[in-house]
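Produce the entire structure from the sequences given, and follow the hints as far as they go.
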Amino acid sequence: MSNVAKRQTSTLDKVLRIALYVCLLGMAAVYLAPFLVMLLTSLKDVEEIRSGTLLSLPSSLNFDAWSKAWSGACTGSQCEGMAPYFFNSFQIVIPAVAISTLLGALNGYVISHWKFKGSDVFFAALLVGCFIPFQVILLPMARTLGWLGIANTTTGLVMVHVVYGVAFTTLFFRNFYQSIPVELVKAARLDGAGFFTIFYRIILPVSTPIIVVTVIWQFTQIWNDFLFGVAFSGFDTQPVTVALNNLVNTSFGGKEYNVDMAAAIIAALPTLVVYILAGKYFVRGLTAGAVKG
Amino acid sequence: MNKNAANAGSGATPAGRPARLSLADWMPKIVMAPTVIAAIVCIYGYMIWTAVLSFTNSRMLPTYKFVGFDQYERLFMNDRWMVALSNLGIFGGLFILICLFLGVMLAIFLDQKIRAEGAIRTIYLYPMAISFIVTGTAWKWLLNPTNGIEKMMIELGFEDFRFNWLSDPDMVVYCLVIAAVWQASGFVMALFLAGLRGVDSEMIKAAQLDGASTITTYRRIILPSLKPVFFSALVILSHIAIKSFDLVAALTNGGPGYSSDLPANFMYAHAFTRSQIGLGAASAMVMLGCVLAILVPYLYSELRGERHE
Chain A
1 MSNVAKRQTS TLDKVLRIAL YVCLLGMAAV YLAPFLVMLL TSLKDVEEIR SGTLLSLPSS
61 LNFDAWSKAW SGACTGSQCE GMAPYFFNSF QIVIPAVAIS TLLGALNGYV ISHWKFKGSD
121 VFFAALLVGC FIPFQVILLP MARTLGWLGI ANTTTGLVMV HVVYGVAFTT LFFRNFYQSI
181 PVELVKAARL DGAGFFTIFY RIILPVSTPI IVVTVIWQFT QIWNDFLFGV AFSGFDTQPV
241 TVALNNLVNT SFGGKEYNVD MAAAIIAALP TLVVYILAGK YFVRGLTAGA VKG
Chain B
1 MNKNAANAGS GATPAGRPAR LSLADWMPKI VMAPTVIAAI VCIYGYMIWT AVLSFTNSRM
61 LPTYKFVGFD QYERLFMNDR WMVALSNLGI FGGLFILICL FLGVMLAIFL DQKIRAEGAI
121 RTIYLYPMAI SFIVTGTAWK WLLNPTNGIE KMMIELGFED FRFNWLSDPD MVVYCLVIAA
181 VWQASGFVMA LFLAGLRGVD SEMIKAAQLD GASTITTYRR IILPSLKPVF FSALVILSHI
241 AIKSFDLVAA LTNGGPGYSS DLPANFMYAH AFTRSQIGLG AASAMVMLGC VLAILVPYLY
301 SELRGERHE
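Chains A and B are the protein sequences, given in the same order.
Quick note: the first sequence, position 85, residue 85 per this note's numbering, numbers continuous.
Quick note: the second sequence, position 212, residue 212 per this note's numbering, numbers continuous.
FYI, nobody ran anything at the bench for these hints, they're computed from the structure.
A portion of the hints provided could be inaccurate.
Non-contacting residues of chain B with respect to chain A, defined by C-beta distances greater than 10 angstroms in every case (computed) [claimed, not checked]: (1) 35; (2) 55; (3) 72; (4) 256.
Covered stretches of chain B, going by a simulated chain A footprint (3 or more residues, C-beta under 8 angstroms) [what the hints assert, rightly or not]: (5) 113-127; (6) 204-213.
Just so it is clear, the structure is predicted and the values come from calculations on it, not from any experiment.
Each residue gets a CB set at the ideal place from its N, CA and C atoms; glycine is no exception.
Quick look at the structure:
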């Protein structure tokens with residue numbers, strides 16, 4: 001290759017690289033814009049929203065919409081803002097995540113190290129449970145919750161989330177535990193260590209990464225759930241997503257977009273915070289089901 | 001880890017061994033039992049139950065008077081259902097295509113030793129952490145026919161700019177596509193980026209030594225080796241599309257009229273608010289059929305692949 005040609009490709013390279021950065025940053029702006037608009041809108045008053053555009057800046061920082069969204073806005077017939085539902089969501093999410101993660105860990109441990117006849121078939125059958133459209137179980141589940149006397153309660157929602165979350169948590173833990181050498185568990189068994197001793201002394205100490213991935217995945221899924229929330233919750237046990245939808249679709253008098261946007265950010269905040277603090281594990285959970293390993 | 005194993009072993013006395021072993025034999029089954037029972041009842045049992053309901057004339061409450069395929073006949077005679085199905089075709093097709101295109105493109109661009117790659121990646125992916133309800137609420141405001149993007153463009157000097165898809169029954173389904181692509185394309189990017197990082201670097205080096213250009217290397221070597229990732233992304237995206245319920249609820253609530261309904265919304269409306277349990281169950285079974293048509297070949301190839309390893 002002659003020197004001239006080399007210089008030409010390097011200028012071409014430079015131009016291409018600049019184009020690449022422009023493209024990547026432009027796309028980043030597109031992805032960021034909706035959140036920026038939400039934030040800007042939530043800080044304006046109704047008059048500023050009417051006179052300005054999506055990206056016009058508020059004249060002053062005005063948190064009235066935020067306090068209204070938190071404690072005064074009407075969601076359906078009640079006007080207590082998002083706060084009670086925000087705490088409802090935590091009441092649903094915390095036990096549901098804890099129970100489904102624990103069950104998933106034990107199931108994954110059994111499926112990868114204590115195989116019994118039928119455990120593999122069962123695992124395959126459980127995998128299907130990750131993918132069924134939940135519309136297929138809504139009606140029978142509604143009847144069952146009624147019979148058990150836990151329709152419209154937080155307990156009922158926790159149960160539903162555990163039942164349909166366990167398929168995923170089992171998958172996560174099973175894939176992770178597959179990589180723990182079988183010999184290690186076998187040796188411990190020969191030494192007389194029992195099922196829980198091995199779990200507690202050998203398996204659990206190395207499980208931290210997969211526990212983090214599973215907890216984040218379950219937290220995001222259950223916090224963001226709408227279908228189960230709208231189908232199985234009562235007026236005072238609604239999760240935050242259902243309350244947000246009611247707030248946005250309730251229109252007494254004028255439409256207050258600033259309150260809508262503040263409420264939407266409030267509903268999104270917990271999962272966004274988790275994503276920003278532990279994005280690496282979040283991505284790992286997302287890709288774990290899709291790319292093997 | 002070995003030390004732990006030794007500790008665990010030293011705690012056992014020889015005399016206690018047989019009893020422990022027999023308990024240990026049962027322990028795995030006892031531990032799995034709740035999940036097994038829950039899966040059999042709440043996945044497979046309920047599926048059958050819904051199938052049974054779809055053959056009855058249940059309205060407000062389940063009754064078990066069987067009417068054969070009447071509900072399915074009614075379903076496919078129902079204009080609202082046919083609109084929902086064709087919406088799913090348009091929405092699903094465009095959503096999957098655009099997400100795949102954007103995802104692959106962004107992943108390849110990000111794979112060029114970009115400065116601040118981590119930050120850019122974080123920005124592309126953050127919508128995936130948000131609920132579809134929040135996404136729907138945000139885009140409902142952005143796409144607002146009078147105050148949203150339209151007004152912004154007019155203020156910028158494009159006097160004749162019109163963008164009222166959200167209130168146009170023929171265009172509203174594309175609003176769903178825009179919002180869903182915004183939410184999920186970053187995820188496809190993450191999938192492909194992980195795949196790109198896993199491609200054998202020796203193979204790429206060999207191709208470059210042979211004088212292949214970057215574009216040829218991608219087209220001929222790297223992308224073909226990502227076929228499994230394509231497949232996974234396709235399955236996951238179609239799964240998201242078929243299940244889409246919350247986005248419609250928040251962004252359009254099915255409107256104007258029922259022009260932006262998807263099957264999941266049809267099912268919910270008929271089973272829970274319009275007292276048409278039989279019809280709702282039938283629509284749920286059709287949705288299940290769609291998912292299985294995609295899922296069964298996928299799981300089959302996955303499981304077969306695992307056996308070969």
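Original post:
Per the stated criterion, does the least C-beta distance between residue 35 of chain B and chain A lie above 10 angstroms, as a non-interface residue requires?
Top reply: Its Cβ does come within 10 angstroms of chain A, the nearest being 5 angstroms, so this is violated.
Original post:
Just checking, residue 256 of chain B versus chain A, shortest CB gap more than 10 angstroms?
Top reply: Residue 256 of chain B clear of chain A: closest Cβ-Cβ about 15 angstroms, beyond 10 angstroms.
Original post:
Three or more residues of the region 204-213 of chain B near chain A by CB distance under 8 angstroms?
Top reply: This one is violated; 0 residues, fewer than the three required, reach chain A with a Cβ under 8 angstroms.
Original post:
Quick check: the region 113-127 of chain B, covered by chain A? Criterion 3+ residues, Cβ under 8 angstroms.
Top reply: holds (count 8)
Subject >> Separation of residue 55 of chain B from chain A, once the least beta-carbon distance is taken, above 10 angstroms >> reply: Given a closest Cβ separation of 13 angstroms, the condition holds.
Original post:
Going by Cβ atoms, does residue 72 of chain B stay more than 10 angstroms from chain A at every point?
Top reply: Holds: least Cβ distance 15 angstroms, greater than 10 angstroms.
In summary, the structure is inconsistent with hints 1, 6 from the numbered list given earlier, while agreeing with the others.
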